[in-house]
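Asker: Here's the letter readout for the chains.
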Amino acid sequence: MIKIKVAGHVFGLENKYDFVRFMCRGYLCDDVPEVVFTLSDSELAAFDNFNKPEVREFYALHGKIANWLLPHDTLLFHGSFLALNGEGILFTAPSGTGKSTHARLWRERFGDRVTMINDDKPLIAINKPRITQITQIENDRLILNNGQNARPAHGAGFDFNKQESLKLASRVLDMKTEDRFKINQFSDTFVDFVSENKSEKSVKSVVEENSCVVYGSPWCGKEGINSNTSAPLRCIVVLRQAAENTIRRLMPKEATAQFLYQALIPNDDFALRLKALDLIGRLAQLPVYELGCTISQEAVDLSYKALQTHE
Amino acid sequence: MLEKRTTSHMKLNKEFQILPIGDLFCAASPEYQGVIRLSESGAHIFNLLSEDTTKAAILDALCARYDAPRETLEADMKEILNQLREAELLDE
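Residue numbers (my numbering), protein chains in the order written: chain A, -3 to 307; chain B, 29 to 120.
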């Protein structure tokens, strides 16, 4: 048996072939598994489109892991996920549209600042809406409170902290940078600050946010591009081949229609199917764009701008 | 034949749950593999078809609910019914 840690969970895999260990080499760990998977003959038979038995075993185990993760609010999604300076962007599209090609253009453009996390089947941990309470004291002063319902998101980087609070505030106040705020007081649960400019906006008292973290995994497409790391998902870009480069924001309704084809929706288990649909609906509340694109740096300009908007 | 179609009774042959998913509607059933994507009016038709009904009754219900020409609603309805027939989900 090998033990691997994927999407924040430890799995024991009863493998016949060393191929599984080789493919999972970047994810091996020594922790106690939360669950151990053994494959039955019928489970292996479901993957008989793979000729080699070791490859069949590798993908059948992937199916087991992906199904097990669904009740843990984690969805297997078809796409290419990368992070630029730690901020994640997911490219999705039907096979052959050019996700990997677009991701490669990002690497050419930004070099080492880009981390390729998974080029084919990233795992998205989708938290229930996090509730952040916003109290507007004056038109230039806000208090953000993480409220009693708040809980930290899966993985790193999403706990209530100063940086996240200020990002939220800058979105609420329609401001571009964090520099325009002066903090009066700050603790683990609240931040009280004054903005340099008086806001024209009157703020809702409560903002709900879906917060998602995307993980790499050993199952990542034919090029084997992955890293054992994670990043917060800032926006999703649906790619479409086009003669000209254009971008537009999709309504949650349009996003859902796309995601129904790109997410893993189990056919054989009704409860898991409902769970997958629930997660797809939550994912569609994130910023989602459709990028009509050519293979060009001009297309990267547009998707880069989308990420910047939601950093 | 046409006369028979408008008055004949119809009903879904499986029990479906209609779920609002990200501002869309989806129908899913333990007895059916896969997920059916529906518009709002499609979801309404699905609900009506969970019990024994007729084409005329469905069309009347749609006309009462939506402010759209009867012909448009009828075309929408026919499209959905055809999809259901193709998927062998309709008893009539």
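Do not rely on the hints blindly, as some may be mistaken.
Said to hold, decoys possible - Simulated restraints on C-beta separations:
| id | chain 1 | residue 1 | chain 2 | residue 2 | range |
| --- | --- | --- | --- | --- | --- |
| 1 | B | D95 | A | T290 | 37 to 45 angstroms |
| 2 | B | K42 | A | F15 | 19 to 27 angstroms |
| 3 | A | R245 | B | D88 | 33 to 41 angstroms |
| 4 | A | A239 | B | E120 | 45 to 53 angstroms |
| 5 | A | Y300 | B | E120 | 36 to 44 angstroms |
| 6 | B | D95 | A | P90 | 45 to 53 angstroms |
| 7 | A | E30 | B | S78 | 34 to 42 angstroms |
| 8 | B | E114 | A | F15 | 35 to 43 angstroms |
| 9 | A | S91 | B | S67 | 25 to 33 angstroms |
| 10 | B | N75 | A | T97 | 42 to 50 angstroms |
Said to hold, decoys possible - Among chain A residues calculated to face chain B with C-beta under 7 angstroms, some are:
| id | residue |
| --- | --- |
| 11 | N11 |
| 12 | R244 |
| 13 | P248 |
| 14 | T252 |
| 15 | F266 |
| 16 | L273 |
Calculated from the structure, these hints are not laboratory results. Even for Gly, the Cβ is constructed at its ideal location relative to N, Cα and C.
Asker: If a hint holds in the structure, say so; if it doesn't, say that too.
Answerer: Hint-by-hint comparison with the structure:
1. Checked against the given bound of 37 to 45 angstroms, the beta carbons of B:D95 and A:T290, roughly 42 angstroms apart, stay inside it.
2. The hinted range of 19 to 27 angstroms is not satisfied by B:K42 and A:F15, whose Cβ atoms lie roughly 41 angstroms apart.
3. A beta carbon spacing of about 38 angstroms between A:R245 and B:D88 agrees with the range 33 to 41 angstroms that was offered as a hint.
4. With their beta carbons about 46 angstroms apart, A:A239 and B:E120 fall inside the hinted range of 45 to 53 angstroms.
5. Distance hint check: the CB atoms of A:Y300 and B:E120 are about 54 angstroms apart, inconsistent with the given range 36 to 44 angstroms.
6. B:D95 and A:P90 have their C-beta atoms about 36 angstroms apart, which leaves the hinted 45 to 53 angstroms range violated.
7. Restraint check, A:E30 to B:S78: a C-beta distance of roughly 40 angstroms satisfies the suggested window 34 to 42 angstroms.
8. A hinted range of 35 to 43 angstroms holds for the C-beta pair B:E114 and A:F15, which are about 42 angstroms apart.
9. A hinted range of 25 to 33 angstroms holds for the C-beta pair A:S91 and B:S67, which are about 27 angstroms apart.
10. Separated by about 44 angstroms at the C-beta atoms, B:N75 and A:T97 satisfy the suggested range of 42 to 50 angstroms.
11. A hinted interface residue such as A:N11 counts as satisfied when its beta carbon comes closer than 7 angstroms to some beta carbon of chain B; here the least separation is about 29 angstroms, so the hint is violated.
12. With its C-beta approaching chain B no nearer than about 17 angstroms, A:R244 sits outside the 7 angstroms limit, and its interface hint is violated.
13. Residue-level restraint check for A:P248 holds (minimum Cβ-Cβ distance to chain B is 4 angstroms; threshold 7 angstroms).
14. Because the closest C-beta pair between A:T252 and chain B is about 3 angstroms apart, less than 7 angstroms, the hint holds.
15. Interface restraint check: A:F266 against chain B, minimum CB-CB distance 4 angstroms, threshold 7 angstroms, status holds.
16. With a cut of 7 angstroms, the hint placing A:L273 at the interface with chain B holds, because the nearest CB-to-CB distance is about 5 angstroms.
In summary, the numbered hints that this structure violates are 2, 5, 6, 11 and 12.
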